Amino acid sequence: MATKVVERKPLSIWERSYLPQIVGGLKITFKNMFKPTVTLEYPEERPEIPPGYRGVPTLVRDPNGREKCVSCQLCEFVCPPKAIRITPGEIPEESESRHVEKGPQEFEINMLRCIYCGLCQEVCPEEAIWLQDIYSFTGYSREEMVNDKQKLYELGGTLPDPYYKWDRKKQAELEGNPHH
Amino acid sequence: MAIKEVSIGDISARGAAAEQEFQGEHLVVNMGPSHPATHGVLRLKLELDGETVTKCEPVVGYLHRGDEKIAENMTYNQFVPYTDRLDYLGPIHNNVTFAMAVEKLAGLEVPPRCQAIRLLCCELARVQSHLLGVGVYAMDCGSITAFMYTFTEREKIYSLLEQLCGARFTTSYTRIGGLQRDIPDGWLGNVRKVVDEMEPVLDELDALITRNRIFYDRTVGLGVISKEDAIAYGLTGPNLRGSGVALDLRKDDPYLGYENYEFDVPIGSTGDCYDRWLVRMVELRESLKIIKQVIDSMPDGPWYAEEAKKIFAPRKDKVMTSMEELIQNFMIVTEGPQIPEGEVYFEAENPKGLLGFYIVSKGGGVPYRMKIRSPSFCNLSILPKLVPGHMVADIPVILGSFDFVMGECDR
Ligand code: SF4
Ligand code: SF4
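So the sequences go chain by chain: A and B.
Quick note on this note's numbering: the first sequence kicks off at 1 and runs consecutively.
Quick note on this note's numbering: the second sequence kicks off at 1001 and runs consecutively.
Calculated directly from the structure, the hints in this document are not laboratory data.
This one's a predicted model, so the numbers in the text were calculated from it and none came from an experiment.
Only pairs whose alpha carbons sit at most 25 Å apart, straight line, appear in this in silico DSS-like list of lysine-lysine:
1. B:K1104 with B:K1251
2. B:K1316 with A:K102
3. B:K1318 with A:K170
4. B:K1193 with A:K31
5. B:K1309 with B:K1362
6. B:K1289 with B:K1251
7. B:K1193 with A:K35
8. A:K170 with A:K102
9. A:K9 with B:K1227
10. B:K1193 with B:K1289
11. A:K82 with B:K1316
12. B:K1362 with B:K1310
13. A:K4 with B:K1292
14. A:K169 with B:K1318
15. B:K1309 with B:K1104
16. B:K1385 with B:K1227
17. B:K1318 with A:K102
18. B:K1310 with B:K1104
19. B:K1316 with A:K169
20. B:K1045 with B:K1055
21. B:K1371 with B:K1069
22. B:K1371 with A:K82
23. A:K170 with B:K1316
24. B:K1251 with B:K1292
25. A:K149 with A:K102
26. B:K1069 with A:K82
27. B:K1227 with B:K1055
28. A:K9 with A:K27
29. B:K1251 with B:K1227
30. B:K1227 with A:K4
31. A:K4 with B:K1289
32. A:K102 with A:K82
33. A:K4 with B:K1251
Model the full assembly from the supplied sequences, consistent with the hints where possible.
Dropping the structure here:
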């Protein structure tokens, strides 16, 4: 086993005189003075957000503008601090989101409870809920911090959909192969 | 004429009278729970004789959230975010330890790539935690500059974690049987860059603090913990090694493949505050050494246990396209990863010491009972023995040298 006893020698008379510390300390200070700054002038300057960042959870639409969430409530179930509340509802016949049977009538995420863990995004079988790059979310009242469905869609916008799950299912059904 | 009454002689006479009156009385002082010189919400009930502490009683529990009870009400994966909040100075290590405890219960071995990524994360957490530990320690001794330098480096690790898992602080990176996601492209290069930049900063820190006479005089011979005491009080981590006991689970009971990497375990010789500083500084360098080795030997392959179909939820592309995997996803999320009945205790060498999870399972996806052995709690248990005899002004130094975190102590 490779153990090593840490080296520990008493200070020499030279070191006890404070002088090397003062000189060395000043040297380090001056060196750091001319290094580029590491801080940001927030909020004028904003940090760069890497892809896959876990910001405020939002709901997204598919590129056809249709609602993706099918109100399966899996995210509501998994959310550890129980920040999500969903009321499922039927989708009216004439709605453009009618390609699925169910959708959320109400969808609320309480940002006072949310811990940005990303589990909701991870479990969603429709890729409907996304934690995007909003990292500072504030409000003046508690009510303001509860995002309702409309707000969630506003924040979420549209994301590309590589699957078009339900359209493909429909296609398969038309071709007589419902269990693709 | 009233002015005449207050003469110097009177004051000293009154002083003498007061001295007589309070002779032998001990003063009880509360240090904390929110005191600038304590880390987090620790309260010390001190009994003072003049400036000397005669009795010290730590009062803990101000940050108690009942994590162990909370765990009984949720699936194993849902508990991962809660482990972030144990030792929040190196959260990703808690994630790894917890996942490994549950995997041990399930008898599941994760693939080599997953192990290597986890190991890399563990060492990053150690660096992250020790950087704060030494920085705050230096600050407690009066050197705020050193703290700024270490925090600058810590910030870089935050950025790395942000790229890795999407969050800077509360990582929640592991899942039972795998990880949240694979490492992003080019990430290892970024890690290497940060590690390379960190070494000169550690040299600077050494130059600033380690051979600094003020720091040296302040810490040498202070808070000496003997080998026997350290073992008797269940100290672990750098605090134990500072007292000269070479217990490091990475060497003694290797997990995650630590046996394949070259590194030394530093131990102290006297067990004083200075030794604990030295041990942490050397450990930082050793961790950087390990990180470099992991980067060079990062294996390819799957990053989650593919065969554990009842434990690790299927990949998203499968969930989106196949009915079978969709159902599987629903099952794992709602019922939790299926862990067999049994009991397990697993501990790992966290930055602060041995973090252990004792889990009782009655089968299914929710633990029946969980107990967390938190290193900070055990480390603090020595304070009533250690602090008496020291001056009040020495307490911040002793606490700084312990590098504890209350989120984990109180859990
Ligand atoms: S990010 Fe986590 S806490 Fe927030 S809504 Fe999603 S699951 Fe809930
Ligand atoms: S957001 Fe996703 S997981 Fe949540 S209810 Fe909608 S479809 Fe289900």
